[in-house]
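Student: Sequence:
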Amino acid sequence: MTTLNQRQTDLLRHLMRQDHDVTVSSLASLFSVSSRTIRNDLNDIRYYLKDFDAELRSEPHKGIRLICVEAEKADILQHAIASRSPSPEERIARMSLELLCNDVRTYESLANACQISRQTVISCFPNVEKQFENNHLSISKEKGNGIFVSGKEIDFRELFVETIASMQDDAETIQAMQWAKEGGQKTAWQLLRYARDTLHVTCYDPEKTALIVQYGLYRSAHNHNLDPADLPRIISPEELQACSKKLQDQFPAKLPETERLWTVSILLQNIAGNDGKPGISQDASRLARYLMNRLQVLHPLNGDEKQTFVNGLGRHLETALFRLRNHIPVQNVMTEQIQISIPLIYEYTKLQLVNCEKKYGVTFDDNETAYIAMYIASAYESSSKMDISAKVLIVCSFGTTTSAILAARMRQTMPECQIIGPTSRQEAEVYLKDNPVDLVVCTDGAHQIAGYPVVQVNPLLSHDNIELLRSQLDQITYEKMCGNFLTSYKTIHNNETNRKSFIHDFMSSDEIQVLDRVDSWQNAIEIAATPLLREGKLEQHYIDRMIEAVNRLGTYMVIVPGTAFVHAGTSDGIHSDCSSLLVLKKPIIFGDHDAKCVSNIVVTGVLNREKTALLDLVYIFAKEANQRLLQEDDITKEIILNLNNGKEI
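Quick note on numbering: the sequence shown equals residues 1 to 649 in my numbering.
A couple of the hints might just be wrong.
[Claimed, not checked] Here are the simulated BS3-like cross-link-like pairs (lysine-lysine), alpha carbons at most 30 angstroms apart as the crow flies:
(1) K637 - K586
(2) K358 - K500
(3) K141 - K130
(4) K623 - K480
(5) K186 - K141
(6) K254 - K186
(7) K141 - K181
[Said to hold, decoys possible] Pair by pair, the computed Cβ-Cβ distance ranges are:
(8) T636 - T530: 43 to 49 angstroms
(9) M334 - D510: 34 to 40 angstroms
(10) H327 - D75: 38 to 44 angstroms
(11) N112 - Q241: 41 to 47 angstroms
(12) E535 - S117: 42 to 48 angstroms
(13) D577 - D75: 49 to 55 angstroms
(14) E72 - N523: 48 to 54 angstroms
By construction, these hints were calculated from the structure, which means they are not laboratory data.
Just so you know, even glycine gets a beta-carbon here, dropped at the ideal spot from N, CA and C.
Let the sequences and hints guide you as you build the complete structure.
Tutor: Here's what the structure looks like:
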């Protein structure tokens, strides 16, 4: 059975609640990801639903709807949740919560509570101990007595906040823990509702905010109270006192004053907007507008799109700034995928954030940058002024009825595409003389049309045909998006910096290789990275991770025709900023799926966050004059070193 990840499960849950068609763009906005990511998620959900009496139905110009018997929905969702195996990070988080919420634990009780084996608990425990140590808490193990935690109460609270912020589980999973059943849940939600009505505060994640409040009530009820010196300084004492007074009737009568003030601070620090009061909310709004203005330079948005972007990103930035200012790390399971699949937008986002970090007193790490890049990518792809939809021409040699069925199924399964036809072979050749398309779909293997990618399908459009077409179309829209981005970035670069960059700014002659051919794309990456490995700038693990990224994520790193820009993460074994290049006179097929023809392999590694090496290198390789030079039989290292981003001749 297909396993859904957390976002896909949430997407499935959302579709179950809808009684009307929803569009891909609206889902992308809701989940703060790109339309391409949503389409991929919907494909996985379609696979998953095959085991049930349910389906996702798509209609052109309408959208998507889940067709399912009401009684079946709970079973479908439960299977999705139960089938998802927890990651090592999720196991560690759950074990941490159990230790934070119980005075004494044993390996056996941890195993039972987390529904894992005792041996798994033991193997994960060193990582748990390290996490507690990093938060100034000590774990003691006494034979016959069990495992218990000691330290300052504020460190218990902060590690609890950090842990639930990192968890991918639904809040219901945490609420099912024994400590949460002891009480306090009703009071916590009353405080949230009353804060909304009297303080005009709405929390960005009410379920987890309620859990934090409930945890504070639970700790206080067990005589674990905070010291007044531990109250956060990010909110003034006067504001805490004023808000506490407004909520005083909602607190348990015996709750100490310090605990009341801490609860108020949690509500104020987790807001999604509090009538424009100064502090995090104002900073988030300013930062969101700054990023919108930078996106506007890249690609204009209309009035509604601007407001949607600022509102959505502003809510996220309130959360992000709170985490960063309070040193709460966030886990983003999609960081690597974002860096690989939308590298240009990720690098552009990173550059904008680096430029404003000093102003806001924070440093955006890779995980936070990846989340923000998703917002920008979503706005960029879904903009009404961005046309990256594919034009598909259908060439069918069968009868009128069969051709009509094929066209109807294409329009139903791929409503985002512009479908032309069906036509005969002769009609297609006439049409293509004056009307270029992105893809030709034909029912006859003999229909190879020069200059156009052709996909042969069964006239009744089998499931395998659909998957192949979706893969091709995703690549086409991605290439269009990259092309649009590079055109916009070229304008920005020329207007704002007017800086001329050369290949020799990024690599030396020793880091460039020109070969006739190689055996495989994996070997090409190995060879391209060899100079950097030899110089000690990166480790073998970094090379392995680059190859693994292509295997797992496809060929998104082929950003410009004929050139792959491969890299891994900063924690994958890189010791300094570096770049290298392999030029092949005979192209290779790059990748085992979504394969592309590639002649140039560029390896990059960036530790300095202020560097724009990838953007600059892509800009150089995207220039048509440089592409022509690289294809010459007599290409030399000297010529390559002097390739630059100057104006086309």
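Student: Within a Cα-Cα threshold of 30 angstroms, do K637 and K586 meet the stated pairing?
Tutor: 17 angstroms, holds
Student: Can you tell me whether the CB distance of D577 to D75 sits inside 49 to 55 angstroms?
Tutor: 52 angstroms, holds
Student: Check the following: the C-beta atoms of T636 and T530 are separated by a distance inside 43 to 49 angstroms.
Tutor: About 20 angstroms separates the Cβ atoms of T636 and T530, which means 43 to 49 angstroms is violated.
Student: When you take the CB atoms of H327 and D75, is the distance between them in 38 to 44 angstroms?
Tutor: Because 42 angstroms falls inside the window, the suggested range holds.
Student: Hinted pair, alpha-carbon criterion (30 angstroms max): K141, K130. Please report holds or violated.
Tutor: 14 angstroms, holds
Student: Could you say whether the range 42 to 48 angstroms given as a hint is met by the Cβ separation of E535 and S117?
Tutor: 45 angstroms, holds
Student: When you check the alpha-carbon spacing of K254 and K186, does it fall within 30 angstroms?
Tutor: Holds, at about 16 angstroms.
Student: Taking the beta carbons of M334 and D510, is their distance inside 34 to 40 angstroms?
Tutor: 36 angstroms, holds
Student: Check whether the Cα positions of K186 and K141 lie no farther apart than 30 angstroms.
Tutor: 35 angstroms, violated
Student: Given the range 41 to 47 angstroms, decide if the beta-carbon distance of N112 to Q241 lies inside it.
Tutor: Taking Cβ atoms as reference, N112 and Q241 lie about 44 angstroms apart, which means the hint holds.
Student: Could you grab the alpha-carbon distance between K623 and K480 and see if it respects the 30 angstroms cut-off?
Tutor: Holds, at about 16 angstroms.
Student: Are K141 and K181 close enough, with their CA atoms no more than 30 angstroms apart?
Tutor: Within the cut-off at roughly 26 angstroms; holds.
Violated hints for the displayed structure, listed by number in ascending order: 5 and 8.
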